[in-house]
Each structure stands twice: as structure tokens, then as C-alpha cells.
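**Student:** Sequences and hints are given; from them, build the entire structure.
Protein chains in written order, with this note's numbering: chain A, 1 to 358; chain B, 1 to 358; chain C, 1 to 358; chain D, 1 to 358.
None of these hints come from the bench; they were simulated from the model. We put the beta carbon where it would ideally sit given N, CA and C, even for glycine. Each hint should be verified, as a subset may be incorrect.
Unchecked claim - Okay, the calculated beta carbon distance ranges per label pair:
| id | chain 1 | residue 1 | chain 2 | residue 2 | range |
| --- | --- | --- | --- | --- | --- |
| 1 | A | Asp347 | B | Pro303 | 19 to 27 Å |
| 2 | B | Leu145 | C | Val44 | 40 to 48 Å |
| 3 | C | Asp15 | B | Gly264 | 52 to 60 Å |
| 4 | A | Pro85 | D | Ala97 | 25 to 33 Å |
| 5 | C | Gly173 | D | His289 | 35 to 43 Å |
| 6 | C | Arg142 | B | Pro303 | 25 to 33 Å |
| 7 | A | Pro85 | D | Glu103 | 40 to 48 Å |
| 8 | A | Val283 | C | Ser285 | 42 to 50 Å |
| 9 | B | Asn209 | C | Pro85 | 38 to 46 Å |
| 10 | B | Leu145 | C | Gly185 | 26 to 34 Å |
| 11 | A | Pro7 | C | Leu236 | 34 to 42 Å |
| 12 | C | Glu49 | B | Asp132 | 56 to 64 Å |
| 13 | C | Arg142 | B | Pro279 | 22 to 30 Å |
| 14 | B | Pro12 | C | Leu236 | 54 to 62 Å |
Stated by the list, open to error - Away from chain D, derived, C-beta distances all over 12 Å, residues of chain B:
| id | residue |
| --- | --- |
| 15 | Ala97 |
| 16 | Arg101 |
| 17 | Asn225 |
| 18 | Pro282 |
| 19 | Glu308 |
| 20 | Ser341 |
4 protein chains.
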Amino acid sequence: MTRKLVPAPDVPVPDILRCAYMEIQVTDLKASREFYVDVLGLTVTAEDENTVYLRTLEEFIHHNVVLRQGSIAAVAAFSFRVRAPEDVDRAEAYFKALGCRTERRAEGFVKGIGDSVRVEDPLGFPYEFFHDVEHVDRLAWRYDLYTPGALVRLDHFNQVTPDVPSAVKYIEGLGFRVTEDIRDGDGVVYAAWMRRKPTVHDTAMTGGNGPRMHHLAFSTHEKHNILAICDKLGALRKSDLIERGPGRHGVSNAFYLYLRDPDGHRVEIYTQDYYTGDPDNPVVSWDVHDNQRRDWWGNPVVPSWYTEASLVLDLDGNPQPVTERSDRSEMAATIGADGFSYTRKGDAEQGFKLGNSL
Amino acid sequence: MTRKLVPAPDVPVPDILRCAYMEIQVTDLKASREFYVDVLGLTVTAEDENTVYLRTLEEFIHHNVVLRQGSIAAVAAFSFRVRAPEDVDRAEAYFKALGCRTERRAEGFVKGIGDSVRVEDPLGFPYEFFHDVEHVDRLAWRYDLYTPGALVRLDHFNQVTPDVPSAVKYIEGLGFRVTEDIRDGDGVVYAAWMRRKPTVHDTAMTGGNGPRMHHLAFSTHEKHNILAICDKLGALRKSDLIERGPGRHGVSNAFYLYLRDPDGHRVEIYTQDYYTGDPDNPVVSWDVHDNQRRDWWGNPVVPSWYTEASLVLDLDGNPQPVTERSDRSEMAATIGADGFSYTRKGDAEQGFKLGNSL
Amino acid sequence: MTRKLVPAPDVPVPDILRCAYMEIQVTDLKASREFYVDVLGLTVTAEDENTVYLRTLEEFIHHNVVLRQGSIAAVAAFSFRVRAPEDVDRAEAYFKALGCRTERRAEGFVKGIGDSVRVEDPLGFPYEFFHDVEHVDRLAWRYDLYTPGALVRLDHFNQVTPDVPSAVKYIEGLGFRVTEDIRDGDGVVYAAWMRRKPTVHDTAMTGGNGPRMHHLAFSTHEKHNILAICDKLGALRKSDLIERGPGRHGVSNAFYLYLRDPDGHRVEIYTQDYYTGDPDNPVVSWDVHDNQRRDWWGNPVVPSWYTEASLVLDLDGNPQPVTERSDRSEMAATIGADGFSYTRKGDAEQGFKLGNSL
Amino acid sequence: MTRKLVPAPDVPVPDILRCAYMEIQVTDLKASREFYVDVLGLTVTAEDENTVYLRTLEEFIHHNVVLRQGSIAAVAAFSFRVRAPEDVDRAEAYFKALGCRTERRAEGFVKGIGDSVRVEDPLGFPYEFFHDVEHVDRLAWRYDLYTPGALVRLDHFNQVTPDVPSAVKYIEGLGFRVTEDIRDGDGVVYAAWMRRKPTVHDTAMTGGNGPRMHHLAFSTHEKHNILAICDKLGALRKSDLIERGPGRHGVSNAFYLYLRDPDGHRVEIYTQDYYTGDPDNPVVSWDVHDNQRRDWWGNPVVPSWYTEASLVLDLDGNPQPVTERSDRSEMAATIGADGFSYTRKGDAEQGFKLGNSL
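**Tutor:** Structure, rendered in C-alpha cells:
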């Protein structure tokens, strides 16, 4: 495979603070609102006939999610907040220098957000950068509004892209740092986690057919909050929205749960990764054959989690074409014909666990 | 199939307090001790070359588990404590009246336990009844000894037997009450839960080839204690000892985890079922096709959990022969060729979940 | 002091299952409803203009609390469920044999409860015994209804009475067993905990001016549920309803919190005591000078907790006169002029903690 | 009072990453080691006769605490990590420009730390800045080493200084940002919280006689971990090491506990504050009369917490003289003769709580 390495342009890099919100196109706004508001308990900052703006309990910017009614299920924007207004200029210049299509709107693309630039990035993803934003009440102390599964922060995005090393190169150029990755002995990179804020990631690159959106992730305070979401889905007879987990990740060391919204957009609920803010923060590389890398308890990953993901839109609102991954797939490496995995390195023994046979 | 209904004898029933301990034969005592003591953190009350006596942190009787070195992996006794010394006499008389082989030992069968009777019950299980017992320190307040996954009580046994309705009849005769069961529309009973102490069960009857021991279960205080056991197994690179879970049961409403000890004996870690002590406590019957009955979150049950179980010994220490279940199996009803299951009753739709296809 | 020992009558004792509900007279039903329903999240089974019937999430009988509008704040009934209808007869006969005033109502005293007897017991408390009760939905699996501080069971009552040894004698005659108590070297008993169901208590006798109701207690599943109640009270700017805690009890080993309802009735939130169902369950006696008996962490007990309690009503609805305790008071023994307490027995050293000086 | 405003020098500011470790002088190293290692479970990275180097489970730098045997109890260094080696030069130049005494050691002052500068800062505190550090294993995944009260990160320092506004001015000059503070209507500032990493603080300035060290704080993952530390201290009969809490802070919204080590050095255990990394992160100002600012549940602050703190050392190892605060004290404002506090603003009513009278 020929890597399409994108050389980092020789212009200043915008100072990105964090992943801030995702704009998601949904095909049944009422059903989506029910999922995100009634089930997950996100707070409605604002809404109109076609759009719902949602935030987490500890957030003070206008929203972390925009749900917008559309004809197909897809992601319209992965939006990052930058440190200063001038960083929006820098972002625009940076992506222009990369040869990417950009669109700047002084009044913003969505309610609550001011001057922004949206780009079709070298991997085909719709990235947005903004600084100006409407402040709203941080509800952190409003325990009267907390539910048992309270979501307190947007933690990260996760993107599917065919060529992970190239994607990492590009995103490192944009100032992100790798914290963890999954590799094999042949040098194939299956996934990588990259951060701006000092957590394990603001976004991750997952190897697969792309560009597609793998998931967006919200944080809870504690693990029982995540279990409470599962219990509630059971009570609502919506347990089939639980795709994978709950469990403990190997990568990131966080406790996790994956849900699918009514359009199949994947949502992770996540808690307790670690501080990564030092420049020499040790990168953790996991062997793709390590049975505990994706689930520390060795529980199997459901195939849909490897294969399904959401389309992303270009700046005209049309779905980006999806390119197949030519590198080996992680699912094949794990569970394919010639796949093998280990719990203890060097240990050939196979147990009774489904994880070994899947 | 002809039910082998055992008529309850017309003699007084012993007043059983609770499941008290299990005597387990293991093939590598050192490996078993490591699992139960070093990994699970049970307290050693006493031990010698061939035997280890273990208890939970809130227990005040001598032990909840006896591990005994033997040539095969099997269960030597399901032991129940009775209210008064005379209840041991009643138990002996009761099982004699049932035509069962019994053995009485005034000095007890194991260290720490006094006058006891052991029986080969009508289902082929080695049951024991005792009252006299050596008291030891209840370590409930010894938080300096607690581990993150601290086991505080023995909660219940679970037995595999081919004919569940007959088994229920027999055990109800012995004074147990059914709290929950799993059935289908044709009247097949797949499993039933029975209690003496006012929790969901002291033992359960699981339909399958038997007599075999399905699992014994220890309680923790909270759900995070169970997650901590998984995390520790991951750290020890023993995650393949996790067979199923963690998850929320439909039946019992408890939070659960299933492990396999080095001999494959199954151990459940369990927390938070409900009070069942009123005589009119409502029995909860679950439809075998309800995808949330075994796991409230609809996560699939690994096949080994349905099929594998431990042999039990007769009073001479020889394994009891195993009779095949002739009633429909729960695994077949759930995941077989003509199997079907539902999340929402009447809903034909199939999701992406592994749970639907397994 | 002359003990007014009440000889146990020579008639059969009713078989009491458990504390079942308390009928509480409140002076502002709207304010009380807000506290018990909107703040604590109890479920309304039924209500009318003057009465609200409330239950916990795991309860299947009609209610655990009756709030009734009245002119003064007081307790109208401590109600216990008995095993069989005939146990109501036995209870009536038992208290008549004790020379107590009794009142029997075949149709019950409150909605949802059938044939009952209410008595003015030898200590002056309004006790009720019933078996017939309307079943309602057990909401244990309705996680869509759970709040972060979900109350799942009624756990116990706590009564204030001047002469604890006499009270214990009386209640043991009624079939209760002592699980723990607080004493001093002079033989003074300050408090005792007594159970029917196999937890630490169904009721406790606290030494003080009485008869008065010290508190009623609800269980949560986990400790974080109790913390969530505190957080919510803070958010509602009602933190002054928190009287004591949260903390870990020495006695009972449970995690606790004490609140005061709008009338000052004290409510405990409680979780994780231990199994006490064996007849030889070891009684734990605490030294009144042990600084960790009431709070395992040695945090001070607020004086109001020792001195304030609710009046109780006679069968005509008039408040029972309160008799002063003549035995030494626990508060005086702990924090009085000649009081002393220890963290380590024999250790004279005094730390910086408020607990030592209060 | 005349503010001793220290003008920020016109030289580049070092880029400080985070509070990294504290060097603490202790008078009985064995007793201190027992507290920090056996009770709190910190990991020993290295030790010799006079020194113990300790770290938290998620740390990858050599240590977060140095315990050093000395003749008096005092703090030898508040140490911050900077982004790059040149930031040590910048720190040295910055404090020289401030007219402060500095000492540079290329080989570092303590084991595991390379090139460092220590300064006597304008407030009299011994600050250290370093970049070079020995990496050690991050034990985050080593759940076999976790205790129920596992400490996973060093979170912050807290310093006592007489003149908070001047201290804030100085530390803002050094690149810190205020996240919260406590004030009154007369403009008196009682305390302020300042961060580099995006949590509520890396250090706080508490108004009082100083320079003194108020506390250092470690993070746990969840609230139950903090409760487990209390439970363990009770079991060890060391509950008088619990000075204040556990509770929920108003300021920071974190769950907290304050302990005192064998020398009286105060240690906070802390969990769950919020993300503060945006430049326009809203500052939260609390009214000193708000009864929920220090404890969200309105529980009283023990007087020692306001008045006691540790001496700090100059670069020769001699204690810095302590200057009295001339501004109003927070304790006086809260509980003094003319003190008053509120739960609901404008509400004159006083409850039964100790918090109102203390």
C-alpha cells in the first residue's frame, strides 16, 4: 500500500484546546431526542423544529452535541475549540496550506458558536475549529438534575480511516500527541489515540474503511453510573441498544460502554482514564494479538463494533465516499482464519472463553 | 418424560437456616489456594497439607468453603446449617424416610463442624446438615483486611439436575420456597430459585445433565467490588478465568460475575438481590425466550455456562453418574435452530447484537 | 432506679416477620410530601387530601410509610407484619395478657392493610401487627424510575425509651433477638438493637426520655446512593436537613446518614449491615466510651441527635406523656464534665478532633 | 493593611505543567512511612535510611512525595514540573528578577530528579522547578496492587499565606489561572484556587498566618475509595487521624477527606472536580458566609482545619518565620462573635445543625 503522507505545512498551527462538540445528522429527530435526552439525560440548551443542542452537566459552552434532522444518518462536524480567536485564522490558513477545502463563517455554522472554520480534512473528515461560544450555566453543582447515569463531560471522538500511520502523521502535525496505539510485529498499526487536553484522547484513529465516525464518548464520574445506564436500558426494554460492554479497556485503562443511537451512531460512555499532559508521557503500544488490549477482562468484541460506523458529510452535506482499508484488519488479526490471540504472552493454551473463538 | 416425583415423607422437616459451606475436591490444592486466597481474598481459618478452610469477611462460623486435595475435580458436600441440634436428627430421619443413604457423624465430617449428617439426596447430590460449629472472628469491621473485591458472605449454591419440577417438589418438601423461575409456554421449567434465608436463594435448580454443581456464589457489598475482581484478573493475566459477565441478572436482579477456578469449578460473585422473607413474596416467572432473563442488558450467555458443570461425589467419594436432561434445554431454546428470543415481547426485529445470534 | 420489668405472658407469641411501615403524623402534608417524594424519591402508592402512602422500590406490600396530616408532629404507629392471619390474633392476645390497651380492626386502620391490631405497648409505643395487605408492583427492575439516591427497602425503626434493659426484656419476650448493644463498666445499657428479619435490627431501643420515636430507616443499595442524597440536598439548598453523617456506624457496621423531615421527624438512610439469622449469632457489645461505636471514623455525634425525638400517639391520637431517663445518658457519658472517650483502649492521649471535646 | 504587591518581572515565564511532588520533613520516618505506605498505600519507588520516595499508581515520574527525616516537621519543597529543560532556566531567571533567593543544581536536589532550581518565593515558600526526571513504571493497570483506597494521582498543594490577593497576583504572573475563590461583600478574599493543568487547582492560597503548608492532596478514582480509607483507619484504631470529612466541597465540587500524618502534616484525599482548561473557564466566587462553600452539605469545619498548618523551610533548611494575617479570618467570619452564615441566601432561620453554631 502506498501511504498518502500529507506533509505538514510550514504555517503556524492552531492551538487546539479540546474536542468540543459533534454535529450529527439524524433521520428521526424525535427518536434521537428521546435517546439522548430521555434515556441518556443530556441537557437541552436549545432546540427548534429541526435541531436539538445538548450539553453535559459540567459543560459551560453552549453544547457538546447538535442533533440535526436530515435525510441520512451521518456526521456533519467534528468540532474542536481553539485557544484564541486568532487560532481560527490559523486553522483556516493551515488547512488551506494543506490544500483542503475550507469554509469560514464569522457568525458560525450552528447556534451558540461564533466565528468558525469548517474544513474537509486530508482524511475526508469534516473538522471544525472555533473559539467564540455562548456561555451557559455549568450544572456541575445541580445534583437535583443528576440521573443515576449522569453524563458530565464530552470526552473524545473516534474516527475510522484506512491508513492509520498517515492519519497519525497528519494529526500530529496539527499538534496532537499519541498516547497509545495497537500494532503488530509486522509494523501494521491498527489504531492510535491522540490528545490535546491531557487525557488519553480527544480523538482516535481506528483502522477501517473510511472516512467514517466510529463513536463519540461522554464521561461519567464513576463506574456505577455506566452500569445504571445499562440497567435503565433493560428497564425500558431497549437493551439491544447496548452493543458492547460494559467493560474495562486495556487501551486507556478506562471503564466503557458502547451504545447505538436510533440511527446506529455509536456512543461510548467512558470513565477514568489517566493524566497524559507531560510532553514525555509514555506511549503505550499494545500488541494486536493481546486479548486484553480492547477489553482488559478478555471479553470478546462484537463484530459490528469492528465493521460498522457512521458516514461523514462533506461541506455541501453530501456523504464522503468510503475507501477500503488495504492494511490487515484488526478483526481479521484477532478472530480470522489465521488469527490468534493470547492472554499470557507465549501461552498457547486456549480456554473456554468465547473471546478465544470469536 | 416420566417425572420421578419424590413424595415428601410424613416426618418433621428440619429447620434449615441457610446454605453454609461447600466442600470442594480439587486436583491441585496449591493452585486452588492461590485462586481462592490470593486472587479472591478469602480468609484462611485453618489448613493442613490436604485441606484449606476458608471464610468470608462477615462470617462467624468456621468456614464457607473447604478445599480438599483429591484425584478428580468434584463437589463432596453442599452443606446447610440448621436451627437447632435436634434438626440434625430431623434431617437424618427425613432423608431416611425418603429412602436415601445417610451417614451421621457426631464429631463431624470436617474440621470446625460438629455433629452432622450427610445424605445422598433423591437427586443424587451430597447434602449435609449441621448445627454445631466452631465460632471464629467475624471480620466485618476489619477493613484493614479488605481487598477491592472483598467477599463478605456465601450467598448460594446452584445445582444442575435434569428434571427441574421434580427437584423443586422435593426441595419445597424440605421447606424451601421458590422465588423465581424460568419457563416456556409449553410448561417446560428450565430453572428455579429457592430460599430459606430471605434472599432470592440458598440454592437453585438449573435444568441440565445432572446431578452436577453449577456454581457457588459469594456476595460483595457493592458492584465496584465485582469489577475490581475482573480488573485484578486482567492484571494477573488470568482474564480467561472470567467466563461470563459482569452483568445484571434479570432473575434475582443481582449484579453478577462468573469465574472458573483452576479445576473449572464455577464461582459466582454476586451482589444486591432483594428481600424475600414474606410468605406471600411474589414469585417472578421469566419466559425462556426473554432475552433479558439471564442478563438484563441482553448480553449473550457463553455456551460453556449452559453446558459445563462439576461432578458431585457420593458418600464413598465416587462421582455420581450423570443423567441426561430429556426436557428441552435452555441453550437450545435460546440459541438453537428453532430458537428465538425477544427484547420487547412481540417484537420480531433482530438487532446487531451477538446476543441474538448466539 | 427500679426496673419496671414486664413479665412475658404465658401465651403464644405472634410470629413477626419484619418492621413493615410507620404511620407518621405531619403538620404540613404538602411540605412532607415534597420531602419524601420529591427529595427522597419514595413512590406514591396512593394518596388523598389528608394522607400519602409511600413505598420503597423493592417493596411489594402497599406502603412503608403513611404520612397523615395532623395538628402535631408525632408517630401514630410502628407497624410490623406477621407471618399468618392467626398471628394477628396471637398479637392481640399477647398484649391483652400484658395488660395493654388494644384495638382490633378487621378492615385495618389504613388503606391497603387488612385485619390489624394496634396496641399501646408496655413502653407506651403504638405498635401495630397485620398480615393481610394489598400487593403492589415491586419496582426493583424499574431502573427507569431510580434516582441517584434510590431508597430500596424500609430497614428499621428506632425508639427512645428511658429504661433500656426493661425494654429489651419486653421485646425479647415478643420474639426479637438482640444483635448489638452499648454498655458501660457499671452495667448501664445505653442502647440495644433487636431483629426479627436477619439484619442487625427491625427496631432499636435508645436510652432517653420516652416513649419517643428516634428515627425510621430506609436502605439504599450502595454508599454512593447516600452521598447522592446529600449532594441533592445541597443543590436544593436544604443541607440543613442533614443532621448527622454521612458516616460509618460502629454498631451495625452500616453506612449511614440522618436527615430531619420538615416536622423534625428523623429519617436514617442506611446500607450494608450483615446477616444475623443464626440463633447463635454473636452479640456485639460496645463500650459507651469507645469513640468509634456510633461513628467508626470517630466523627462527633451532634447533640440534637441524642436529645431530640418525635412524640408518639396513643390509640386516641393523643401524645403519650414522656418519662425522663434516670439512668446515665449516653451524651453525658460521652461528652459530659466527667465524660471521657477513647480511640485506642487505654490510650489517654487526646487529639485535635472535635469528637474528643464534644 | 498595605498589600505587598510583587510586580511581575518583564522576563519570560516558565511553562509549568503541574504540581509534581512535595518534599516533606518528618520527625519519625518509620511512623511516617507506616502512614503513607501501610495505611495510604503509596508505592515506594526508592528509599534509604533517611528518605522515602513515594508515588501514586498512575504516576510515571520518580515520585510525588519525598519523606525526609529531620528535626522538625516542615515542608522543604513544593515542586512543579516544567515543560522543557529551558523552562528551568526561565524559572531561575524569573525568580532572580523577582529578587528572590534561588539555588540551581544540575544534578537535582533529590534522587530521581535532574536539573532543578529551588527558590524562596516572594511569599516565603520553597518552590522547585524541574523538567528532567527518571521515568518509572506507571502502575495504572496493576490492579493486583490496588487497595480499596487506592491513590492514583497527586492532585494539588494548598498554601497558607496572610495576603491572598497579593499571592494571587504573584502566582497569576507565573502563569496560573484562578478557577474559584471565597470572598465577602467588603472585598476581603479568604482563599483562591489556581491551576496550570486543567483541573480546579495545582495549588490554592488559603488566607492565614504564613507561609505555611495547608495540605497536599491525592486523587482516588471514586468516592468509595475515600470512604474505604476512613473505614481502614477505624479498623486500625487510628480514626483520630481523620480531621475533617469525608464530604463534598462546594468549592471545586470534589469529594474530600482530610487526614493528619504522624507529624500533623495535612493530607487531603480528593476526587471528581471538573475540567477547567478553557481560557474563559468561568471563575466561581463563593460568599464566605455561604454555609455550603467549604462543605456542600453544610457540615461544620473543625477549627483546627482553619488554624493549623505546617511550617515551611528556607533553602538552608531553617523554618521560615510566620507572619500573621491582618485581613479578617475565615473562621472568624464563619463562626465568630459577629459571624453569620446562610444555607439559603436571605434566610435568617437557624437550624439544629452544629454547623450553624460552630
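**Student:** Against each hint, give a clear statement of whether it holds in the structure.
**Tutor:** Hints and how they fare:
1. A:Asp347 <-> B:Pro303: 19 to 27 Å: For Pro303 of chain B against Asp347 of chain A, whose Cβ atoms are near 23 Å apart, the range 19 to 27 Å holds.
2. B:Leu145 <-> C:Val44: 40 to 48 Å: 44 Å, holds
3. C:Asp15 <-> B:Gly264: 52 to 60 Å: This hint is violated: roughly 43 Å between Cβ atoms.
4. A:Pro85 <-> D:Ala97: 25 to 33 Å: Hint holds: Cβ distance 31 Å, inside 25 to 33 Å.
5. C:Gly173 <-> D:His289: 35 to 43 Å: 54 Å, violated
6. C:Arg142 <-> B:Pro303: 25 to 33 Å: Between Arg142 of chain C and Pro303 of chain B, where Cβ atoms are some 31 Å apart, the hint holds.
7. A:Pro85 <-> D:Glu103: 40 to 48 Å: With a Cβ separation near 42 Å, Pro85 of chain A and Glu103 of chain D satisfy 40 to 48 Å, so the hint holds.
8. A:Val283 <-> C:Ser285: 42 to 50 Å: 58 Å, violated
9. B:Asn209 <-> C:Pro85: 38 to 46 Å: Since the Cβ atoms of Asn209 of chain B and Pro85 of chain C sit about 44 Å apart, the hinted range of 38 to 46 Å holds.
10. B:Leu145 <-> C:Gly185: 26 to 34 Å: 29 Å, holds
11. A:Pro7 <-> C:Leu236: 34 to 42 Å: 57 Å, violated
12. C:Glu49 <-> B:Asp132: 56 to 64 Å: Between Glu49 of chain C and Asp132 of chain B, where Cβ atoms are some 59 Å apart, the hint holds.
13. C:Arg142 <-> B:Pro279: 22 to 30 Å: At roughly 24 Å between Cβ atoms, Pro279 of chain B and Arg142 of chain C fall inside 22 to 30 Å, so the hint holds.
14. B:Pro12 <-> C:Leu236: 54 to 62 Å: Holds, since Pro12 of chain B and Leu236 of chain C (Cβ atoms, about 57 Å apart) stay within the stated range.
15. Ala97: 49 Å, holds
16. Arg101: Given a closest Cβ separation of 45 Å, the condition holds.
17. Asn225: It is violated; Asn225 of chain B is separated from chain D by about 9 Å at its closest Cβ, not greater than 12 Å.
18. Pro282: Since the minimum Cβ distance to chain D is about 32 Å, Pro282 of chain B lies beyond 12 Å and the statement holds.
19. Glu308: Its Cβ never comes within 12 Å of chain D, the nearest being 27 Å, so this holds.
20. Ser341: Per Cβ check, Ser341 of chain B is outside 12 Å of chain D; nearest 34 Å; holds.
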